[in-house]
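The lines below spell out each chain.
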Amino acid sequence: MAVKQFLHSKDLKALALSLPGALFIIFFLFIPLATIVVYSFWRTESYTMIADWNLNNYLTILTTKTYLTFLFRSLSMSLAVSFISLIYSWPVAYYIAKYGGRYRLILTMLTAAPFFTGILLRVTAMQQILGPIGVVNMFLSNIGLKPLHLLMYSHYATGLGLIYLWIPFMVLAIYLSLLTFDFKLLDAAMINGASPLRAFWEVTLPLNWIGTCIGLALVFIPTFAATITPKFLGGVNGALYGNILAHQFGSTGTWALGSAMGVLMFTISSLFVFIVFKTVNLNRSGYTGKIAGE
Amino acid sequence: MDTNKFLFFFKDMQTSSYALQLVEVEKQFGDVRAVDNVSLEVKKGEFFALLGPSGSGKTTLLRIIAGLESAGKGSVFIGGKNVTKNPPYARGIGMVFQDFLLFPHKTVGENIAFPLKMKKMSATHQQEQLSWVLDLVRMKGYEDRFPNQLSGGQKQRVALARGLVARPDILLLDEPLANLDRELRKEMEVEMRRFQAEIDIPFVYVTHNQEEALTLSNRIAVMKDGHFEQVGDKLELYDEPATAFVASFLGLNNTISGEVLRQENDFSFIDWKGIELKIPTPNGIKPGDRIAYYLRSEKMHINPHGKSNPVDGSITLTAVLRDIIFKGQYSDYFVILDNDEEMVISDVPDIESLKIGGKVDVSWLPSSGFSFAADGEE
Ligand SMILES: Nc1ncnc2c1ncn2[C@@H]1O[C@H](COP(=O)(O)OP(=O)(O)OP(=O)(O)O)[C@@H](O)[C@H]1O
Ligand SMILES: [Mg+2]
Numbered sequence: 001m002a003v004k005q006f007l008h009s010k011d012l013k014a015l016a017l018s019l020p021g022a023l024f025i026i027f028f029l030f031i032p033l034a035t036i037v038v039y040s041f042w043r044t045e046s047y048t049m050i051a052d053w054n055l056n057n058y059l060t061i062l063t064t065k066t067y068l069t070f071l072f073r074s075l076s077m078s079l080a081v082s083f084i085s086l087i088y089s090w091p092v093a094y095y096i097a098k099y100g101g102r103y104r105l106i107l108t109m110l111t112a113a114p115f116f117t118g119i120l121l122r123v124t125a126m127q128q129i130l131g132p133i134g135v136v137n138m139f140l141s142n143i144g145l146k147p148l149h150l151l152m153y154s155h156y157a158t159g160l161g162l163i164y165l166w167i168p169f170m171v172l173a174i175y176l177s178l179l180t181f182d183f184k185l186l187d188a189a190m191i192n193g194a195s196p197l198r199a200f201w202e203v204t205l206p207l208n209w210i211g212t213c214i215g216l217a218l219v220f221i222p223t224f225a226a227t228i229t230p231k232f233l234g235g236v237n238g239a240l241y242g243n244i245l246a247h248q249f250g251s252t253g254t255w256a257l258g259s260a261m262g263v264l265m266f267t268i269s270s271l272f273v274f275i276v277f278k279t280v281n282l283n284r285s286g287y288t289g290k291i292a293g294e
Numbered sequence: 001m002d003t004n005k006f007l008f009f010f011k012d013m014q015t016s017s018y019a020l021q022l023v024e025v026e027k028q029f030g031d032v033r034a035v036d037n038v039s040l041e042v043k044k045g046e047f048f049a050l051l052g053p054s055g056s057g058k059t060t061l062l063r064i065i066a067g068l069e070s071a072g073k074g075s076v077f078i079g080g081k082n083v084t085k086n087p088p089y090a091r092g093i094g095m096v097f098q099d100f101l102l103f104p105h106k107t108v109g110e111n112i113a114f115p116l117k118m119k120k121m122s123a124t125h126q127q128e129q130l131s132w133v134l135d136l137v138r139m140k141g142y143e144d145r146f147p148n149q150l151s152g153g154q155k156q157r158v159a160l161a162r163g164l165v166a167r168p169d170i171l172l173l174d175e176p177l178a179n180l181d182r183e184l185r186k187e188m189e190v191e192m193r194r195f196q197a198e199i200d201i202p203f204v205y206v207t208h209n210q211e212e213a214l215t216l217s218n219r220i221a222v223m224k225d226g227h228f229e230q231v232g233d234k235l236e237l238y239d240e241p242a243t244a245f246v247a248s249f250l251g252l253n254n255t256i257s258g259e260v261l262r263q264e265n266d267f268s269f270i271d272w273k274g275i276e277l278k279i280p281t282p283n284g285i286k287p288g289d290r291i292a293y294y295l296r297s298e299k300m301h302i303n304p305h306g307k308s309n310p311v312d313g314s315i316t317l318t319a320v321l322r323d324i325i326f327k328g329q330y331s332d333y334f335v336i337l338d339n340d341e342e343m344v345i346s347d348v349p350d351i352e353s354l355k356i357g358g359k360v361d362v363s364w365l366p367s368s369g370f371s372f373a374a375d376g377e378e
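Protein chains in written order, with the working numbering: chain A, 1 to 294; chain B, 1 to 378.
By construction, these hints were calculated from the structure, which means they are not laboratory data. Since we're looking at a predicted model, the values are computed, not measured. A couple of the hints might just be wrong.
[Stated by the list, open to error] The list that follows gives simulated cross-link-like pairs (lysine-lysine, DSSO-like), each with its CA atoms no further than 30 Å apart:
1) A/K184 <-> B/K140
2) A/K184 <-> B/K119
3) A/K184 <-> B/K44
4) B/K224 <-> A/K184
5) B/K140 <-> A/K98
6) A/K98 <-> B/K85
7) A/K98 <-> B/K186
8) B/K307 <-> A/K278
9) B/K117 <-> A/K278
10) A/K184 <-> B/K186
11) B/K81 <-> A/K184
12) B/K286 <-> A/K184
13) B/K307 <-> A/K184
14) B/K73 <-> B/K224
15) A/K98 <-> B/K117
16) A/K184 <-> B/K355
17) B/K85 <-> A/K184
Input sequences plus hints: build the corresponding full structure.
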């Protein structure tokens, strides 16, 4: 009995401690999400929601070529942006963590500096650089070269913009992971016959894989939901899934369809995160190394 | 053949008979000369200890041998090959680190087999080697554990196994036992000697523990401020220290210093805070110079006052016994002399007649200590 009571009190304590977090999740994540899920099975007519349960919204999305194209475009864009950010962030984070010395904190803050100005300003700044009268093309025309159409109102411009926007998250995630990484392990790897590249592959990457996955998720999710960046940098043909989703809640007023598109976006993002974290083996992350159940 | 060429050829031949050779190696960190003009030869199959106090440059020297640190000057030969310019992964060495540095995300088996995997050895061959080395370090059955599921001693064995598995030309060990408790350290010392004898790979063993160096090695280099004070057979270092530093560093010593009052034959008489002591005269010392004298505690004898029976030529001083530390086969006796100085004597335990607070006679042969010119005031 005494044991049972003890357990009981412990359970209570755990519950009390988890309450604020749970409430937050319920109010700010679960309820809005549940609302959208419910709406996605309804119908909109003349700007009003009608609660007759059906699957038509999903069928529409999955059978309309336009929607599928946008979905595919956004997915490709997100994958490409995540991948390029990954490749770019690793050396930056590594350099800061290893050689930053006492400037480490400042350097890390600097990668996030553009954030202090807000998304809109940052995207506008990108426009000033990449656009038709932007710095790059002005320079090119000044020295007598043709302007780069590639950089004007195109998916490439959007991609560059998105990378620029979200890369600080990736750098930060990898950097924070590297802070707890014992660089001396690389000495051990090299002594035992590993070249620097091999040592990275065998030791550095696996031991910082969780941080890398967090970075990937932090870049993929906002990129997949991007609306402002493609609107400002992508030009007339640059719309992505997020733009047409936003459209449903705007002038067309097809909220139910929009909700279904939102649910699909959430599902795909979740799936991406799930797949990425599927590659994490906690035993081999260096965090615990404990065998489950032991 | 012209003589020059012949000499080079000869030098090469000489080089190749050593497992490791360092030629005038130097390393500078800012204003610190961490390694200062060090030359060294380690023979095949030798257990070589690098002994020195903290900050004397032992780790730096080891890292230069390993290629983890570049030598500012000088060359490193391993197995007869000049590897000065080679990266660590192309030197054919193994290394055991003070904090083990096992890969936390790899199992014991994977950790140990890592060097074999890097050599692209076939799976069956890897298994063979792994099984051999697991037997050697007595870690059979632990292959699937992760490093954090091991005790300190087990981690130590795994680290050793990883260093040995690829049968390197030489194994470098940086204070491998420093993180273990005393009990385990004693046990591992025995094991360490066994491994080394069994596999016949030369060990270069860094330690700041003189006892460890004396127990384990064949030869010792005593390091101070980046340079070698003395290199030689361990008994030679113990019995004939070349410098005051070596004399003070090895063994449990009483340090005595004072000005030379007068000289007689090979002996000087110094004034040790009011006591006149007979001491062997170091080279070139004249009356008026200062001498430092190192007297090993085990070379001294202690007896109840008036009961001593010293050998011919001994010095006997009276003192008061302050404390006794029982060490098993002998005890350390701490005494206060008439000039208020303390001395420690290691002698057979004699509980019957030696009592704390009692008067005792302390005796030793002047020639059993080592004397050097003292640099400056004490
Ligand atoms: N990377 C470095 N940068 C600057 N100075 C260094 C560096 N590594 C070592 N030193 C300096 O070189 C000297 C020798 O250091 P080293 O680590 O080789 O000593 P050690 O004999 O191994 O000491 P310990 O017994 O404490 O391990 C020290 O004065 C140390 O401060
Ligand atoms: Mg050291």
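Okay, the hints, checked on the actual structure:
no.: 1; hint: A/K184 <-> B/K140; result: holds (27 Å)
no.: 2; hint: A/K184 <-> B/K119; result: holds (21 Å)
no.: 3; hint: A/K184 <-> B/K44; result: holds (29 Å)
no.: 4; hint: B/K224 <-> A/K184; result: holds (26 Å)
no.: 5; hint: B/K140 <-> A/K98; result: violated (37 Å)
no.: 6; hint: A/K98 <-> B/K85; result: holds (24 Å)
no.: 7; hint: A/K98 <-> B/K186; result: violated (37 Å)
no.: 8; hint: B/K307 <-> A/K278; result: violated (82 Å)
no.: 9; hint: B/K117 <-> A/K278; result: holds (26 Å)
no.: 10; hint: A/K184 <-> B/K186; result: holds (27 Å)
no.: 11; hint: B/K81 <-> A/K184; result: holds (27 Å)
no.: 12; hint: B/K286 <-> A/K184; result: violated (53 Å)
no.: 13; hint: B/K307 <-> A/K184; result: violated (60 Å)
no.: 14; hint: B/K73 <-> B/K224; result: holds (19 Å)
no.: 15; hint: A/K98 <-> B/K117; result: holds (27 Å)
no.: 16; hint: A/K184 <-> B/K355; result: violated (53 Å)
no.: 17; hint: B/K85 <-> A/K184; result: holds (21 Å)
Consistency note: the structure conflicts with the earlier hints numbered 5, 7, 8, 12, 13, 16.
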